[in-house]
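There are 4 protein chains.
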Amino acid sequence: MFAAIKEQHKGVDVCINNAGLAHPEPLINGKTSGWRNMMDVNILGLCICTREAYQSMKERNVDDGHIININSICGHCVIPHADTHFYSATKYAVTALTEGLRQELRAENKHIRATSISPTLVETEFTLRLYSNNPDIAAYALEAIDISSAVTYVLSAPPHVQIGDIQLRGTEEVS
Amino acid sequence: MFAAIKEQHKGVDVCINNAGLAHPEPLINGKTSGWRNMMDVNILGLCICTREAYQSMKERNVDDGHIININSICGHCVIPHADTHFYSATKYAVTALTEGLRQELRAENKHIRATSISPTLVETEFTLRLYSNNPDIAAYALEAIDISSAVTYVLSAPPHVQIGDIQLRGTEEVS
Amino acid sequence: MFAAIKEQHKGVDVCINNAGLAHPEPLINGKTSGWRNMMDVNILGLCICTREAYQSMKERNVDDGHIININSICGHCVIPHADTHFYSATKYAVTALTEGLRQELRAENKHIRATSISPTLVETEFTLRLYSNNPDIAAYALEAIDISSAVTYVLSAPPHVQIGDIQLRGTEEVS
Amino acid sequence: MFAAIKEQHKGVDVCINNAGLAHPEPLINGKTSGWRNMMDVNILGLCICTREAYQSMKERNVDDGHIININSICGHCVIPHADTHFYSATKYAVTALTEGLRQELRAENKHIRATSISPTLVETEFTLRLYSNNPDIAAYALEAIDISSAVTYVLSAPPHVQIGDIQLRGTEEVS
Chain A
637 MFAAIKEQHK GVDVCINNAG LAHPEPLING KTSGWRNMMD VNILGLCICT
687 REAYQSMKER NVDDGHIINI NSICGHCVIP HADTHFYSAT KYAVTALTEG
737 LRQELRAENK HIRATSISPT LVETEFTLRL YSNNPDIAAY ALEAIDISSA
787 VTYVLSAPPH VQIGDIQLRG TEEVS
Chain B
637 MFAAIKEQHK GVDVCINNAG LAHPEPLING KTSGWRNMMD VNILGLCICT
687 REAYQSMKER NVDDGHIINI NSICGHCVIP HADTHFYSAT KYAVTALTEG
737 LRQELRAENK HIRATSISPT LVETEFTLRL YSNNPDIAAY ALEAIDISSA
787 VTYVLSAPPH VQIGDIQLRG TEEVS
Chain C
637 MFAAIKEQHK GVDVCINNAG LAHPEPLING KTSGWRNMMD VNILGLCICT
687 REAYQSMKER NVDDGHIINI NSICGHCVIP HADTHFYSAT KYAVTALTEG
737 LRQELRAENK HIRATSISPT LVETEFTLRL YSNNPDIAAY ALEAIDISSA
787 VTYVLSAPPH VQIGDIQLRG TEEVS
Chain D
637 MFAAIKEQHK GVDVCINNAG LAHPEPLING KTSGWRNMMD VNILGLCICT
687 REAYQSMKER NVDDGHIINI NSICGHCVIP HADTHFYSAT KYAVTALTEG
737 LRQELRAENK HIRATSISPT LVETEFTLRL YSNNPDIAAY ALEAIDISSA
787 VTYVLSAPPH VQIGDIQLRG TEEVS
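Quick mapping for you: the protein sequence lines, in order, are chains A, B, C and D. Residues in the first sequence are numbered from 637 upward in steps of one, following this note's numbering. Residues in the second sequence are numbered from 637 upward in steps of one, following this note's numbering. Residues in the third sequence are numbered from 637 upward in steps of one, following this note's numbering. Residues in the fourth sequence are numbered from 637 upward in steps of one, following this note's numbering.
It is possible that some hints are incorrect.
In this list, chains with the same sequence are indistinguishable; a pair is considered to hold if it fits within one copy or across any two.
What the hints assert, rightly or not - Derived lysine-lysine pairs resembling DSBU-like cross-links, with alpha carbons at most 35 angstroms apart:
id : residue 1 : residue 2
1  : K646      : K694
2  : K746      : K694
3  : K667      : K646
4  : K746      : K646
Keep in mind that the hints were calculated from the coordinates and are not lab data.
Construct all of the structure, not just a fragment, from the sequences and the given hints.
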């Protein structure tokens, strides 16, 4: 993918790690394959894209790039819903990865920025599948545009401002 | 103050708790009076303004109000600088107060929103006094307008979006 | 108090900051006096005792002292119970104070240790008063001896082991 | 492994997830294979053992079992050392997994307990390899017996006491 980007667009200046998925596999009886799939996409995929984006910026001396991880409220607290527990673990990892990346970029004297955006449920296929039998939860879900507004805000901040994390919930959300 | 606001403007719809101060009083040898002053302004003052703003909204049936606490990165992690330790404790309290307020507003079925904005050092009198002998730290300080941009973003989010916390650092910040 | 201790026992080697109280004063409508009282006891009292204990150790060259803060689970997460929200803010402060103290002791090259113990409700007058109308919660409360066992464990750790925090809940606790 | 345990010992009553490893692979230029190996051992291996141990307890109606995850200080904060960043992400996941497990056990009305023990560096092959060129860090490392003392304390707590997390550092540790 990054080779194609390089050929067509020369490289990556902004990388938004948005891919992520959740399978309803509790910790006490979940399937290993579902857990592995969440790890591969939510953690490993994000790390590979981050590394390739950084290398692309570095080889072109891009110093104002931005890597944005779409995290989750579940990356900051564990909600009492067994189907989300392993997913939450992958998002806790994303919280650490964003801060670790910020530190590494700083140590390299780069002005590339690292940000995570941590929404509650967003009304997408993802949520509708996970909570198909719980319309109440869907009621306060955010819309995709709310996340893109956060992305716009983050990208438009002046170069000296490093937004570390934004947490977004539904105003009517209970937990 | 709130009586004067009521007389002149009918009431408060948006409350931004921005007052805050830090005295360089370490935990092992600081002065009680300095600690008390930080508690009074950073915690108690914020709580009183929050309560009065909420009551003002409630008595006028304002359901789209917003209470924004200007927190600090120090409200999320303790930096190795003794002069900021007690200050950091008051800001940890603000982190808890913002989340507690969100829960109480939700329990009252209000759509009033509670947000905290957690910047690193901002280039104000506050910082210049605290770090007068450390120009390096001042070098990456944020500007006041960076915080007001965050406030603008928070206030302009659609009513169903509750932004819980935004963390802002200087891009060149090390710690 | 510390003068009397000095006269009778020469000084303090171990300081256990156990005093703490909660008044049921929510954030949206609580009384300022109740909030202030919690701040004074849970934060300021703890800081004064800590400073005096440290100074007592320092003037007698005690390098194996220990300062233990009895914190709370509420110092780590905000539970959905309005009566505990301000209390929780004071305990978040204690979390920061314990880590700040650890850093200051380290910077002084002392081997005095700082620890916080963070239990859920303990079956004392404190809990019975706060939850008098909620026997379910009292059902899983810890007993005072469970906390003293944690204190014993912390104090008996070898000198090179600094236990930062222990979190204890009731096994039957839900939240 | 669990089949052999079943045959020889009937089942598992206490599961201590101690396996864990770190490869020095920073986020900006690390190898995918090193990252995957850390994920497989530190997250997936721990989850599989946890699930099998729980199922073993369940089928024999063991209600006083204990699952202990050997976490790390790196599961709670990200230290400024690029070689540990991915490792830290896997340990943040462990922090979430321990709390998620506690919630699931509670929802099943079990009295099986879930605990994490979060030490700083322990003087083992693991540390010596990772910090081979940094003897200062090794100087304050904990010893294996310090962790086993924590395990003993956790296991010997009365059945109604659920110790969630214990954080241990070296007393001389700086960061």
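Quick rundown of the hints versus the structure:
1. When the C-alpha separation of K646 and K694 is checked against a cutoff of 35 angstroms, the pair qualifies only within one copy, where the shortest distance is 12 angstroms, while the shortest distance between copies is 56 angstroms.
2. Proximity of K746 and K694 under a CA criterion of 35 angstroms is satisfied intra-copy only: 9 angstroms inside one chain copy versus 44 angstroms between copies.
3. Taking the closest pair of Cα atoms, K667 and K646 come within 35 angstroms of each other only across two copies (23 angstroms); inside a single copy the shortest separation is 41 angstroms, beyond that limit.
4. With identical chains, the CA atoms of K746 and K646 are at most 35 angstroms apart within one copy only, with a shortest distance of 20 angstroms there and 50 angstroms across copies.
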